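Chains as they are written, first to last, in the working numbering: chain A, 1 to 495; chain B, 1001 to 1355.
These are computed hints drawn from the structure, not numbers from a lab.
This structure is a prediction, so every number in the text was calculated from the model and none was measured.
Heads up, none of these hints are tricks.
Below, in silico cross-link-like pairs of lysine-lysine (DSSO-like), each with a Cα-Cα straight-line distance of 27 Å or less:
1) Lys1173/B / Lys310/A
2) Lys303/A / Lys167/A
3) Lys303/A / Lys1081/B
4) Lys1169/B / Lys414/A
5) Lys179/A / Lys1334/B
6) Lys1081/B / Lys307/A
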Amino acid sequence: MQQQPDTSGYHGDREALASALQSVLPKDAVLSQAETLKAYECDGLSAYRSTPYVVVLPETIEQVQQVLQICKRLKTPVVARGAGTGLSGGALPHKRGVLLSLAKFTRIIDVDKANRCASVEPGVRNLAISEAAKPYGLYYAPDPSSQIACSIGGNVAENSGGVHCLKYGLTVHNIQQIKMLTFDGELHTIGGSGLDAAGYDLLALMTGSEGLLGIIVEVTVKLLPRPDTVQVLLASFDDIADAGNSVANVIAEGIIPAGLELMDNAAIRAAEDFIHAGYPIDAAAVLICEIDGPYDDVNEQVKRVSKVLKSSGAKEIRVASDDAERQKMWAGRKAAFPAVGRISPDYYCMDGTIPRHQLAAVLTRITELSNEYGLRVVNVFHAGDGNLHPLILYDANIENELARTEELGEKILKACVDAGGTITGEHGVGVEKLNAMCLQFNSAELQQLHAVKYAFDPDGLLNPGKAVPSLHRCAEFGAMHVHHGEIAFPEIERF
Amino acid sequence: MSSDLSTQFIEQLEHCFDNKKAVKICGHGSKKFYGRQVDSSLETLDTKNHQGIISYQPTELVITAKSGTSISDIKTALDEKNQMLAFEPPQFNNQGSIGGMVACGLSGPSRPFAGSVRDAVLGVTCINGKAEKLVYGGQVMKNVAGYDISRLMTGSMGTLGLLLDVSIKVMPKPEHEITIVLEQNTEQALKTWHKLGNQALAISASCQLNEKLYIRLSGNNAAVKHAQSIIGGTEHEKGTQFWQQLRDHELAFFNDSRPLWRLSLAPATMILNLAGDTLTDWAGAQRWIKTDEPADIIRQLSESHGGHATLFNPIDNSIEPFHPLASGVASIHKQLKQAFDPVGILNPLRMTSNY
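The whole structure should be built from the sequences, with the hints applied where relevant.
Here is the structure:
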């Protein structure tokens, strides 16, 4: 889908903009030829594409500052991009703007063993941080499934999660300082070396702000000691509701596992066909539970968790006998998305989060919607923190199928909001969930979010048109989704 | 008993907005001393009677309560289900509301190991300075829809919004807990923390005071025994009481008329060259210092270790209680204040002399 986030932007000649930027950047750091721009036309959400006007690849903070100053002077939108693995179109280029790639900011500046933190440039890959910390027995906890490729700057911009969030938190819980540039090119240090900072919690505000408030040029992450022992259990269930309830039962027992993942039958089959992880293909659901800590502690918890899972209706529980088996149990889950990619020409990944006790009701609703639309849905689920990833299978070559898929997706998100949850747990809003934002927030709430953006970026040129929908957009969307006979956003004039 | 004063608060703030008349927000008043002292003639917006637990689902690990609800009531409800506020909010004079807890953003001894109040905040309902009721975040652990306004509110001292209700992540209580004591001075304690910090042990609090290093171990029996076997030391008979007294500033150390400074620093920072007495908490990351040294010296020293210094018991506004911000960051703060409270009716001058 060719997207155009908004119609504003640089109105001059492409080469004039490129040449202005070239004056402050090294040779090869400005791309303006059609064939080179193509590589940047989408991020991990490839259904949305837009060709940037110009791409820049600066190497130093000073160069980024100069780029921003030029863009401010020329009233040109800037979209920051890390590794381009985002799943909500947050790095979708502006067709009349500059795409600012931070791919050359790949330096690990410092690993501070004494203070258990690492300062890195934003283009450093998530996994590379843990690799750099490994000699010290430390690691960086958040592990989004794209961790081999995704960059830390993007992780901060999206507040990325992963499979270990329940115990170790999201990106926001695992960083202590960032350096960032506002659109005027001014460098700010947010947070500090301690566990808190003076003033408002701008670190939390910046985390997950999707590149709308500033350009992150350095991140200091917290490092944790590696657990001595890690163990994994795989439990299979005949009823997915029992699997969902078993999660609550584990927590009621006072146990917080490092990871708790749930897959439905369709996901189990797809993963098994692909990875041969030994998953029980007839099970309605499998639950993968990871426990970490000191050796004796882990053994004790594994026994308790097994007991709880059994009494919650698990028909089979396997405990990994060695590291290889543990890796194999995880491999199926970690490959679930590509596995689904093998059984369908295209798939669309949703990211709603719900209170866990609503799992059975929401899954039932998803099945109803799937039947109604005639589109298959496969469910993988960060069960520990209620984060659902329904994958809608479709074929982009069939006319209207993507549009129907998006409509189904919005209805799934609405079911999540109605269940007391949210439209996005970890993938962000980007361009993808702008309409869904209208389901979750009213006009005063959206206006307050716009005011926050204005506080950082009065020109409105950092990643414009993303993350927070305009009230007009919501009015138009609301007109299609009249709720209880009430028109949403009634204060907006309709033309 | 539960009561809801949201409508009354909205009306009161509408009136204030229309008349550009400021209010000072007060919960239980237990942290009234903290921060800048505001004009006592300002009208008070009292949240004490806006109270009650709205929902609590133990297996969802979240509790939602109206801002005036006392921390004690929250803890009583959690106790029944063997859960807790993992960040151990202070309850000075055994008081404090959950709204004040979030607005002041203070966390107790467990903070380096279990996270802060800000880490645990999942959602808020608030009224901004335009008297608009706004809901951000929610009751789920992961939520990236919109900017993280809930955490921005945490520690903002009521200057951005009046909290109506807050949703907080709760945690299971540990099965077993002991406190061990080692005879160590600050220098030795800093070395011990460095050594222990690189191992995954069941430590839930650690401080150094009067030639003693205190370490609390929390978890199942196996985890506690494992940590104890590595650390050694002798068991403190009144460990629970010790940490409560540290949390609420009831230890004899805090009974002193000198200025009390809270320094938040890189944890491995060596002993600071300041006259006075120090209690080193948060495994080195938080230093309580009673000293008559000038504020500028203390603040420069804190900054040089990547941190900041708060005057915790200000007598008047002659010394700014909160660490001054860098000019660029200060200007973002001012813009944010403008975004939430354009006419400046919410707790004016409570955080800074600028607004």
